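Trainee: Place chains B, C and D on chain A using the hints.
Number of protein chains: 4
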Amino acid sequence: MAFFNGIDKIKFEGINTTNQLAFRHYNQEEMVMGKSMKEHLKFSMSYWHTLTGMGVDPFGQGTAIRPWDETEDKIEQAKTRVKVAFEFMEKLGLEYFCFHDRDIAPEGKDLAETNAILDEIVDVIEMEMQRTGIKLLWGTTNAFSHPRFVHGAGTSCNADVFAYAATQVKKALEITHRLNGAGYVFWGGREGYETLLNTNMGLELDNLATFLHLAVDYAKEIGFKGQFYIEPKPKEPTKHQYDFDAATVLGFLRKYDLLDSFKLNIEANHATLAGHTFQHELAFCRENGVLGSIDANQGDILLGWDTDQIPTNIYDAVLAMYEVLLAGGFTTGGLNFDAKVRRASFEPIDLFYAYIAGMDTFAKGLKVAAKLLEDGVFENFKEERYASYKSGIGAKIRAGKTTFTELEQHALQYGVREIASGRQEMLENILNQYIYG
Amino acid sequence: MAFFNGIDKIKFEGINTTNQLAFRHYNQEEMVMGKSMKEHLKFSMSYWHTLTGMGVDPFGQGTAIRPWDETEDKIEQAKTRVKVAFEFMEKLGLEYFCFHDRDIAPEGKDLAETNAILDEIVDVIEMEMQRTGIKLLWGTTNAFSHPRFVHGAGTSCNADVFAYAATQVKKALEITHRLNGAGYVFWGGREGYETLLNTNMGLELDNLATFLHLAVDYAKEIGFKGQFYIEPKPKEPTKHQYDFDAATVLGFLRKYDLLDSFKLNIEANHATLAGHTFQHELAFCRENGVLGSIDANQGDILLGWDTDQIPTNIYDAVLAMYEVLLAGGFTTGGLNFDAKVRRASFEPIDLFYAYIAGMDTFAKGLKVAAKLLEDGVFENFKEERYASYKSGIGAKIRAGKTTFTELEQHALQYGVREIASGRQEMLENILNQYIYG
Amino acid sequence: MAFFNGIDKIKFEGINTTNQLAFRHYNQEEMVMGKSMKEHLKFSMSYWHTLTGMGVDPFGQGTAIRPWDETEDKIEQAKTRVKVAFEFMEKLGLEYFCFHDRDIAPEGKDLAETNAILDEIVDVIEMEMQRTGIKLLWGTTNAFSHPRFVHGAGTSCNADVFAYAATQVKKALEITHRLNGAGYVFWGGREGYETLLNTNMGLELDNLATFLHLAVDYAKEIGFKGQFYIEPKPKEPTKHQYDFDAATVLGFLRKYDLLDSFKLNIEANHATLAGHTFQHELAFCRENGVLGSIDANQGDILLGWDTDQIPTNIYDAVLAMYEVLLAGGFTTGGLNFDAKVRRASFEPIDLFYAYIAGMDTFAKGLKVAAKLLEDGVFENFKEERYASYKSGIGAKIRAGKTTFTELEQHALQYGVREIASGRQEMLENILNQYIYG
Amino acid sequence: MAFFNGIDKIKFEGINTTNQLAFRHYNQEEMVMGKSMKEHLKFSMSYWHTLTGMGVDPFGQGTAIRPWDETEDKIEQAKTRVKVAFEFMEKLGLEYFCFHDRDIAPEGKDLAETNAILDEIVDVIEMEMQRTGIKLLWGTTNAFSHPRFVHGAGTSCNADVFAYAATQVKKALEITHRLNGAGYVFWGGREGYETLLNTNMGLELDNLATFLHLAVDYAKEIGFKGQFYIEPKPKEPTKHQYDFDAATVLGFLRKYDLLDSFKLNIEANHATLAGHTFQHELAFCRENGVLGSIDANQGDILLGWDTDQIPTNIYDAVLAMYEVLLAGGFTTGGLNFDAKVRRASFEPIDLFYAYIAGMDTFAKGLKVAAKLLEDGVFENFKEERYASYKSGIGAKIRAGKTTFTELEQHALQYGVREIASGRQEMLENILNQYIYG
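Protein chains in written order, with our numbering: chain A, 431 to 867; chain B, 431 to 867; chain C, 431 to 867; chain D, 431 to 867.
With the rest of the complex left out, here is chain A:
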């Protein structure tokens, strides 16, 4: 049965097509720097935004028209959604997906029943995965929507909630493992605080570290070898989220001796909410060897909340793919569209328009980034710019083999010789040239 009647498999038709249900840039087998586009990009569908996002916002009800959802039986609905999801992915040529436990299945009357329902839905997912060859990029837990998580999960002030959240992660790890998930993400939906007047931040951070250590231990116990990720976000829903940005998370992992077990999952809109560019967060991860996976979306930088828009900004896509290529490409990670259609784009076909827009933007981004790298445009400029660190006093600095006294002698003798312009405007113009000629 087809849920998206009238929509065929989306094909690459190149830039001259007038068909808006076609790819202009994403040609999955096209080779770029020795690898196919699909291997580079590893596009993934987000189950939550795509299947369960209804267009609710703080001022209004859902608007989404989803004919397949029209049943009172929540379990039946969940099974149907799996079918819808795989038809959608097949038609778009998406080879990966990501989910939270609570996206794919409804809760039961208690935890035991909830877990049983989850298993029932995972059976259907597993069959669809076998049928289609589509893979699980990563799984995760929703430990933030239910009222029990009002004060956090691993950072709750209530030990019962910690235990409950741990139990939920345990199960989510098991199903991720069963489905051969390549990774598992922690996004601490309510791991943060609303006011310091009632918060013991030290205790909460310690507990969060304990929580993660226990997860790592359990993964070993069951033989799950997928990559763990933490996804930074600075605010929303809590006033201060502990995983503020990549630097904060990295500092946390170092402090609590978790650095060996985690990489980061960087989301564009979370980067900008923290006051950083998307590229900055990726570059920071790359420099520290923890660039794991990407939640591709974009925010409206004039708005102060997480809008999770479909990524269509070509600059962001080029610079993101540039960082991914510099980092050697994805290993376990990929590009997950943690992005939703606008509330006013409420028809099923808008899901296609949206994914096509996102995929084509990143495909073009990949091609431009690869060309920039192959031509050495920015890398050669940088090589030259930092040349003084290759010999003489610069080389000593790089090696950490000098002293203030020696540097003083150098400064008194040479002062500061020629400093070169940073050429920002020229470089930005060249970036434009690579994008549109």
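Each hint should be verified, as a subset may be incorrect.
One copy or any two copies: either way a pair holds, since identical chains are not told apart in the list.
Calculated cross-link-like contacts (lysine-lysine; reagent style BS3-like; alpha-carbon spacing at most 27 Å) [stated by the list, open to error]: (1) 468 with 601; (2) 441 with 465; (3) 565 with 441; (4) 826 with 685; (5) 441 with 801; (6) 601 with 539; (7) 831 with 820; (8) 521 with 801; (9) 539 with 831; (10) 539 with 504.
It should be emphasised that the hints constitute simulated quantities derived from the structure, not laboratory data.
Since this is a predicted model, take the numbers as computed values, not measurements.
Mentor: Below, chains B, C and D without anything else, positioned relative to chain A:
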């Protein structure tokens, strides 16, 4: 000679005075929790804003009326300013000050001459310190104003600049040591980047760490035992400053094995530019044992740049002093007014109004914070709120002695028992009651 | 029947009470500048946040514990809520309330049934109003939550929606009139746009003006003499809301000849989202004679969305009441708490803590503002500051009776004589003195 | 004499050139929608950023290398700069420039001397204009940098300052008139306030209106027929600038009966500081018939101050030119590059790279915008989207010829018939297709 004619020593006159040149709350010998107010607060004058700040802004020239500055001889002017500074501190009862090397003395034709001039001015400062008993809270270097630092100092792309900056810090450390400075601050004025298109962030961060290690080594060499601080700031002047916030700095110090040698100097306005409250940054430092010193000021949170206003917000002062008291008080650090009179407050007497406003706000803040602690208002609430971690499964979590399997058994057996309200509104109301009854 | 068992009528007990269920400052009959506190403040309950707000946020379900809500019968529930509301207002001494049509009653299967249900609930409200003497400050329409308003109401791209919204406002006007509402508010929940790529802004603004004119006409037709208000908000839910801020709304009213029929309802959190202080928006309205009513709340200025927090910041309360007093006090308007308890303050008693906090903050604010005015603190300073406009060339400027040529003669003759300092720091310190001594 | 040795006239070489000192898109005589590119774009040089901007920022001295500036004689320097400016414009093919009075000439010992110096420099400019055919797009006054304007110019609390500012504008109008300037801009550098504690906002706004009326009167008196513009900006340098955004300015002009005499000069970076997109401000002006001229630059939206960067973002350029074309093109106005090279782009050649980047971005933007319009991409979509307003009840609404009662009948009869998706993602994807295929 008196530069502030007609202004006597500012006295404590209590809340019923009508004199705006008097303290209403700052009564330096008054005991609060077993220590005098002045020992708690350790107020410090910022040399730059107070003596050399002229009210220049990006759209206009200086407005400040400073009769003592009217001379063409820059060295004479610098010496006079020292006298002005000490008269000002004496009249306000300020016992500490802070400076950058380039605040106190003009540059000469080359580095050697510059250093000689610096020594000449330091002679005058030293005499004034002996005369008055006023102490140096910390010294620092200005390695950001001169064009040679256009691409940074320790993170410059040019090794000569690295050496030049090192030489400048070397000298600044020497004079700080000579003046028995209790600390030395690194604020990386241009340690950051303008665009990633031309920046090797990894190399720059490595070099910054090397720079700090060399400084630590040199301090040991000359026997300087003062505390090193890093002062976080997220942006301005560069688009991205590497020392973004406390968490970023702490992660950096951990990565590069510098944590033993550094604490943090937290500035209120830098906190808010990074998207944090002042209290958050202080609490984060406290929890990590690196709360060193404070740059007291306030920003206009509706504006996006560092306005460095005189701190008059009582909430910020209460909550900052609350964190300082929780941390056990200042040791080497203090409250440095890194704050400037508004460009439109251009008369010398405005400097007095400004410092009085700031000092009284923090004095009141101290008294309120002490009372809140003595009454256990928030601490008792928190104690109760986290009580579930004191025994049973909670205690095991705290000890790190549990597993996901055990937690699952707990969750299946107990579920989530009662969760308590966070009571934010009641707590905020109580805070008001402590401030104004 | 009592819904808030164990909570008595909240009494004024003064600043020395330890009872958190008491007023320390709000003493309703206490006279301030010749009028009782309750006449000055005209506190109002917001029906939506108080009765129907469940603590839902974009990342989680409702948390609020509201035992009275537990019924499947939506009409019965609506009637019970009316009783709860009036008990709540009686216990707090609130004399006013505000509502949207959809807060007080559920929708039926079509518009006719919806209107019939509405009438049924209004009957209950009317009886409670008669019983208690509590009054309706203003009514309004929710024309933004239902999916039909996805593209706006009066600014929808679809004429049917325009008609539907008009019909809804027609009915809301009728019930507001029936309940002797003192005013009627337009907050254009989705009157704005998501993207200009699909928006005809000119047509939408013209239609909005037409919509308002039709409302004015209809009010005349039915004899409703209450005050119309527009409530500015800059963003959220739409990317750009047409009623951005007070200046934008005023310009709109002028352009479309609506200025005679409307005043503004200023919300604190909307002011800050637009980049203004709460006081600025009030002052701007005051200067233009359109300061109508206030939605009292506060935002977290470090967050980018409308947090609608209970107002506890004393500075904002003082300066808001200062503007209200300067404007001569409220006539038709009042202080409506468009504020909600935090999601983590989920118990019924938190509603009391919250309103007490807000009411006491504004009561203290009123007392401080009145004292500042009586003492002429700021007004005398301003009088002096602008004195040069009282005579000579200044008086001619004020009268518009000069020319560039005459001004040039003045400037060539006198240049610029003494300019005085703005004394911002001294004034801020004095403000503190009036707040806490 | 050539100041830019080694740099020839910049030529159009098309997208295949490797020369970074060439245009790839700006082909000045190329016809686009019936008009040459240069007629469409009317590029203008900003005298201040280009000739007198030295790379000073709040944390550092100027960095710019400008060999021609090296003289002690300020008048000689000013004359040389004129020559440099015209050589620069000639080489880039810029046909317009803009200036403030204080950019082009130094101040003398008093106003009379200042005016005499100004005349002397204007002589040189006039000769260069005659020699080259380059025209003055608009002139303006700098009434914000000098300390006398610390409290504003037309909104100063001091009547002498009002008179002084008027005198300065009088002279600036005279020289703009003499040079056949096509317009005159008011940007109220310090027309705003720092704190409401000392500000009479009503008086200041009234005075500002008087100031503008006097300017209009004087222009008539001397026969100046150029267009007057106001340039909105929300903050910086003052905390609140009165000309916050386009809507605020328009409301002000309406209130004070100035709408006939003014249009707006929209700056991209000012738009974003006010929380709007550049396109929004242009569209708002277009809809109100006051789109006058453009200050082309771009801000860093993650930073909170006016960065005045060279505009290189193609989306902004396309959408800006789209609005200009929709508005029928520039009449008196043009595209003035109110943009500066980064402080780290300090070589003279960077000025060329920067202008080339900006001009090529807008040239490409023009071509894309024209194609979008010619193909009716967005306009047809909108036409269809609002079709319900063309007949029936919609047409009555548009004509203002209906009532709530009639609308109610319509709603009860028809309810809301089909609502269409807004298709934002598809439209954004199409925009990308027009930019890069």
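Trainee: Hint numbers the structure violates, sorted upward?
Mentor: 1, 8, 9
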